[in-house]
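Make a model of the complete structure from these sequences and hints.
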Amino acid sequence: MQLYLPIAELPLNLFLLLGMGGAIGFISGLFGVGGGFLLTPLLIFVGVPAPVAVATSSVHIAASSVTGSLTYWRRRALDLKLGVVLVAGGLVGTIAGVLFFNQMRKLGHLDLVITVSYVTLLMSVGCLMFVESVGALLERRKGKPAVLRQAGEHRWYERLPFPMRFHRSKMSTSVIPLVALGAIIGFIGTVLGIGGGFLVVPALIYLFRVPTSIVVGTSLFQILLTMIVATLLHAVFSQAVDVLLAMTLVVGGVIGAQFGARTGQALKGEQFRLLLALLILIVGIRFALDIVGAPQDLYSINATVVDR
Amino acid sequence: MSAGFSIPARLASLVLALLALAAPVRGEDLILALSTREVAITSTYTGAEITVFGLIERDARTIARTGNYDIVAQVQGPTGEVTVQRKGKFGPIWLTDDRKKYAKIPLFFSILSSRPLTAVVDETVREKLMLGLEYFLPKPEAQPEKRDLDDFGFRNALLRLRRDEGGLTEDPKSITMIRPNLFTARIVLPATAPTGLYLVNLTVLAEGLPLKTAQAGFVVRKVGFDAFVANAARTEAWGYGLFTVLMAVMMGWIANLVFRKD
Chain Y
1 MQLYLPIAEL PLNLFLLLGM GGAIGFISGL FGVGGGFLLT PLLIFVGVPA PVAVATSSVH
61 IAASSVTGSL TYWRRRALDL KLGVVLVAGG LVGTIAGVLF FNQMRKLGHL DLVITVSYVT
121 LLMSVGCLMF VESVGALLER RKGKPAVLRQ AGEHRWYERL PFPMRFHRSK MSTSVIPLVA
181 LGAIIGFIGT VLGIGGGFLV VPALIYLFRV PTSIVVGTSL FQILLTMIVA TLLHAVFSQA
241 VDVLLAMTLV VGGVIGAQFG ARTGQALKGE QFRLLLALLI LIVGIRFALD IVGAPQDLYS
301 INATVVDR
Chain R
1 MSAGFSIPAR LASLVLALLA LAAPVRGEDL ILALSTREVA ITSTYTGAEI TVFGLIERDA
61 RTIARTGNYD IVAQVQGPTG EVTVQRKGKF GPIWLTDDRK KYAKIPLFFS ILSSRPLTAV
121 VDETVREKLM LGLEYFLPKP EAQPEKRDLD DFGFRNALLR LRRDEGGLTE DPKSITMIRP
181 NLFTARIVLP ATAPTGLYLV NLTVLAEGLP LKTAQAGFVV RKVGFDAFVA NAARTEAWGY
241 GLFTVLMAVM MGWIANLVFR KD
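So the sequence lines, in the order shown, correspond to chains Y and R.
1 is the number of the first residue of the first sequence in this note's numbering; add one for each residue after it.
1 is the number of the first residue of the second sequence in this note's numbering; add one for each residue after it.
No lab work stands behind these hints, which were simulated from the structure alone.
Any given hint might turn out to be false.
[Said to hold, decoys possible] 25 Å max Cα-Cα, derived SDA-like pairs, lysine to any residue:
hint: 1; chain 1: R; residue 1: Lys104; chain 2: R; residue 2: Pro78
hint: 2; chain 1: R; residue 1: Lys89; chain 2: Y; residue 2: Gln296
hint: 3; chain 1: R; residue 1: Lys87; chain 2: Y; residue 2: Tyr118
It should be emphasised that the depicted structure is a prediction, and the values quoted were computed from it without experimental measurement.
In C-alpha cells form, the structure reads like this:
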C-alpha cells in the first residue's frame, strides 16, 4: 500500500516504513542508542531527500526513546541526575558544533580529518569492547564473574573538583569529565549529523563503570531531550520534518523499542557489551566503506532545490 | 511558407490563384485540448497520466503537402537548482572534490514523438525547438581551447543522472496518429515530479520542417490533507514542530502503557 508523503514529496510503501521503524526501534531500545545512524541512510536509500531524512529521523528517535526511557524508569534503571548533567554538557558541545560546522566549509578538507578520526574512533572503541567482552564471557565460562569496579576505587578524572554523587548509578565522580563527555558527544553529533548514543554507552560503562542497564536507560533519556530540541529546530529552520513519514515510522518504532528494551534487560552485561561492540564495528565499517574503495559512479546529484 | 506552394493541376490553378489573391496562403492550424488541467496530489497519489488531444486544422487555402505530418512535443516542469558533485581520490580514500551548480534546470523534462526523434528532426531543428535538456544548460565556451574537460564531464553526468532519476524522459511511442491530422500525446508523470506549473510545447512538422507550434499547460498541486500539512510546515513552523514532538511523545507513552506487563 503506497502512501504519499507531503513533505518528502514521494509515495512509499506503508508496510516498508512500519517495518523499518520497528527494526530501528528494536535496536534503539536494546542498546540505548538513537538509531539515527541507521535510519537516516535507510530513508535516503529508499528515495527520501536527505534533509527530510535527517529531520524526520529525529522524530522517530524521540518517540522510541520516550517508550524506552519509560520502561527503564519503571524498572528504576534510569539515572535522571546523570542524564541532566550529560545533556548540559551536550548543549555546550552542540553549540560549538554548529559554529564549527559553519566555519568548516570555508576551511576546505577539514571534513576529511573529521571523517577519518571518527572512523578510527569507532573502530578502536569497537575492537577494544569486542576483545574485552569476549574475554569477560570466557572468564564467566570458567566460573569467575568479571568485576568492572572495585569498591572505593576512583580514577584520576573522577577525583577532579566538583564531586557529585549519583545514587542510582552507584558512583560518585567529579562533574567535569561528565560534562566534557556530553560536550564531546554533542560536538561530534552535530558535525557528523549523528546522535552519538553509541559513544555515550561504552564511555559510561568503561570510563565511569556505571551498571549496564542504568547506562542504557540514562542514555535513552539524554537522547530524548536532545531529539526534542533537534526536531523543533529542524521544523523551524529547515522545514523538512514530514509528519506523516514520522508518524508511520514512530508506530513501528515504539513497538520495536518495547521489545528491544525487554530483550536488553534479559541480557547479561558481557553479552550486551559484545553485541554493542559488533554494532559499533558495523557502523565503523559502513563509514569506512564510504570513503575507501572506488565509488561506482564518480558523479552524483547532491541537491535539487525547486524554484518557488 | 510560400516556398512550399505548388499548383496541383492546370485547371484548378486559376481558382487557386484567385483564392490566393483574395486571402494570403495559410499554414496549418493546431488545436490542443488536455484531459486535465490540474493533477491533484492526495495521500494515494502514485503519479499521473495526462493526454493531449490535437487536431491539425487545414482548409481549402492551406498549402498541399505530399508526406505525413510528424508531431513532437516537449513537456517542461518547474525549474530548480541542481547540484552535481564529483568524488576524487585523496591518497587511499575517496571524497567529494568538486561540485557544480546548475540553475533554472527543468526538474521534469519529457520529449514526446510519434517515431524516433532522429528520424523526425535534424540537429538544427532539434535545437530550435529545444528538444533536449542540454539546451537548458549554460552554453559551453565558444573557443575550443577554453572549453573545460571538467565542465564537459559535469554536463554529461547531469543529463545521465536526471535520466536515471526519471526527471528526463524520451518516449518515441507516446504520440499516436489517429488520423493523418488527428492525434493524442500521452504524458506520464512520475510520483516524484515536483508540484507546480507544467508547459507542453507541441510542434507539427512536415518533411522535417516545423510548421506550427502550440502551447498548453497544466498544474500539479497537493490538495486536501497533503496541502494542509505542507502549508502548516511552512507557515506555522513552530506549531507544526511542537505538534510533531507532542505526537511522538504521546505515541511513545501509549506504547509503553499498552505493553506494560505489571
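Which hint numbers doesn't this structure obey? none
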